[in-house]
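Next come the chains, spelled out residue by residue.
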Amino acid sequence: MSPRCEAAPDSQVEVRLPRVLAELAGCDRKICVTGVTVEEALADLVRRHAALGLHLFDDTGALRRHVLCFRNEVAVQSRAELGQSLSAGDRLTLVNSVAGG
Amino acid sequence: MNATVLVGTQKGALVLRSDESRARWQRSPLLLKGWLVTSFAQDVSGRTYAGVTHDVWGATVMASDDLENWTQLEGAPRYPSDARGNPAHNRIIGAMDPMEQFSPGGRHVDQIWKLYCSGDTLYAGVSEAGIFRSDDRGKSWRPLRGIDQHPDRDSFGPGFGGLCAHSILIDEQDPQRIWVGISSAGLFRSDDGGETFVSKNEGVDSSGEGYCVHSVAHDPTHPDVIYRQDHRGVYRTDDGGDSWELIENGLPQSELSDGRRCSFGFPIDVDTRTDSAFIVPMAGDSFRFPHEGRLAVYRTEDHGNSWQGFAEGLPTDCYANVLRGAMATDGGDPCGVYFGTTAGSVFGSADRAETWQSLASNLPKVLAVEAFPSR
Chain E
1 MSPRCEAAPD SQVEVRLPRV LAELAGCDRK ICVTGVTVEE ALADLVRRHA
51 ALGLHLFDDT GALRRHVLCF RNEVAVQSRA ELGQSLSAGD RLTLVNSVAG
101 G
Chain P
1001 MNATVLVGTQ KGALVLRSDE SRARWQRSPL LLKGWLVTSF AQDVSGRTYA
1051 GVTHDVWGAT VMASDDLENW TQLEGAPRYP SDARGNPAHN RIIGAMDPME
1101 QFSPGGRHVD QIWKLYCSGD TLYAGVSEAG IFRSDDRGKS WRPLRGIDQH
1151 PDRDSFGPGF GGLCAHSILI DEQDPQRIWV GISSAGLFRS DDGGETFVSK
1201 NEGVDSSGEG YCVHSVAHDP THPDVIYRQD HRGVYRTDDG GDSWELIENG
1251 LPQSELSDGR RCSFGFPIDV DTRTDSAFIV PMAGDSFRFP HEGRLAVYRT
1301 EDHGNSWQGF AEGLPTDCYA NVLRGAMATD GGDPCGVYFG TTAGSVFGSA
1351 DRAETWQSLA SNLPKVLAVE AFPSR
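Residue numbers (the working numbering), protein chains in the order written: chain E, 1 to 101; chain P, 1001 to 1375.
So, partial list: chain P residues that the calculated Cβ filter (under 7 angstroms) puts toward chain E: (1) Gly1034; (2) Val1056; (3) Trp1057; (4) Gly1058; (5) Gln1072; (6) Ala1076; (7) Ser1081.
Here are a few chain E residues that face chain P, going by a calculated C-beta distance under 10 angstroms: (8) Leu21; (9) Asp58; (10) Ser97.
Only pairs whose alpha carbons sit at most 20 angstroms apart, straight line, appear in this in silico EDC-like list of lysine to aspartate or glutamate: (11) Lys1033(P) to Asp28(E); (12) Lys1139(P) to Asp59(E); (13) Lys1365(P) to Asp1110(P); (14) Lys1139(P) to Glu1074(P); (15) Lys30(E) to Glu73(E); (16) Lys1139(P) to Asp1065(P); (17) Lys1365(P) to Asp1285(P); (18) Lys1033(P) to Glu1068(P); (19) Lys1011(P) to Glu23(E); (20) Lys1033(P) to Glu23(E); (21) Lys30(E) to Glu14(E); (22) Lys1139(P) to Asp58(E); (23) Lys1033(P) to Asp1055(P).
Simulated from the structure, these hints should not be mistaken for laboratory data. This one's a predicted model, so the numbers in the text were calculated from it and none came from an experiment. Even glycine gets a Cβ: it sits at the ideal position worked out from N, Cα and C.
Between the sequences and the hints, there should be enough to build the whole structure, so can you do that?
Set out below in structure tokens:
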């Protein structure tokens, strides 16, 4: 099991980024952020690394259509689910959907 | 002169640096990995900008002061969330969008087709077609009103790649005068810094695709003389676009899909020292590869009254295209000319296109080439 955010206050969770975005933002692929919901955690991610904002969210503020966000192993399926509560030690994983041969 | 050539591909960028003779070249590792690198520009300070995009993560502009370390600009060209999209562009982007990124009805920046530096101002030509301007090195951007709110915008017809603003020319003596090429709405000129744009296509064949301008080039110090490679031929204007004349004497003719014969191709560029122009003819819109597979660059030294082809050092079995942004000149004396193909080859000439050498091969599809004197 990979290490999570250590000595985390209750509201800290780990976000994992795809390599292409981590390199663009000049940050680690694993980042500790703060938030009591998925939406708040992603907002904190963008506060810490503003360059990520336009790549994660579209012009309306929604997650880009083929940006996938997993809370632990479960996909966050809709904009409403961004409001779900997080628990200390949760992990959010952001990936791009992949298609083709 | 030492030259630096930037190559943007479908999966990243390369930097090629020459020695004084421009005969020997060194190549960087692949930079900006994973991004489509679609355009480059360099400002007076030597800062280089790259337009990049990704099917999922979207389009933005990167900057570098050393061509090794790239940082995303603080701001990026983006339309307001309530901007209405061009209906035909939305149909095309929707149909060719395997990732279903497309949001019907809206107007989005899906690619940075052209970057252009004029003094301290950075311009970006994008699709859906628009020109954005930044006066603070990319922290903030605003669309030029004359394209953004053009009265005919809804009826602009897109090319196969969508409705894209891919060419920008600026009169360096009077930066209020701006030319913008949009496929396939044609060339537009503003005389008021972008507040209004007027169609400038008189004399150009518009049958079929509309005014399908592929690329334009001029010497910024003689801005009214503009060379133009269109879907339907090669043209020149001497009056800033008020009238155009076909200039194909000596160029190979190809047959278009509707039977018309003309010189078809995509990029055009100029040597400002000699006022020469360069093109890469292709065998018509059905094939989009060189005539008989023989890759050649054609040059005019008399404003298009005659053209001469050069192929020494270029392949004779090439069935790839050269895209509109994938050719550049380096401003040297003599002028260096460079281009890349959709098959991932890059060629360079240090003698105004007369002889060529391979600079790189086996790259992803080449989308953009830019060249500068090395600093």
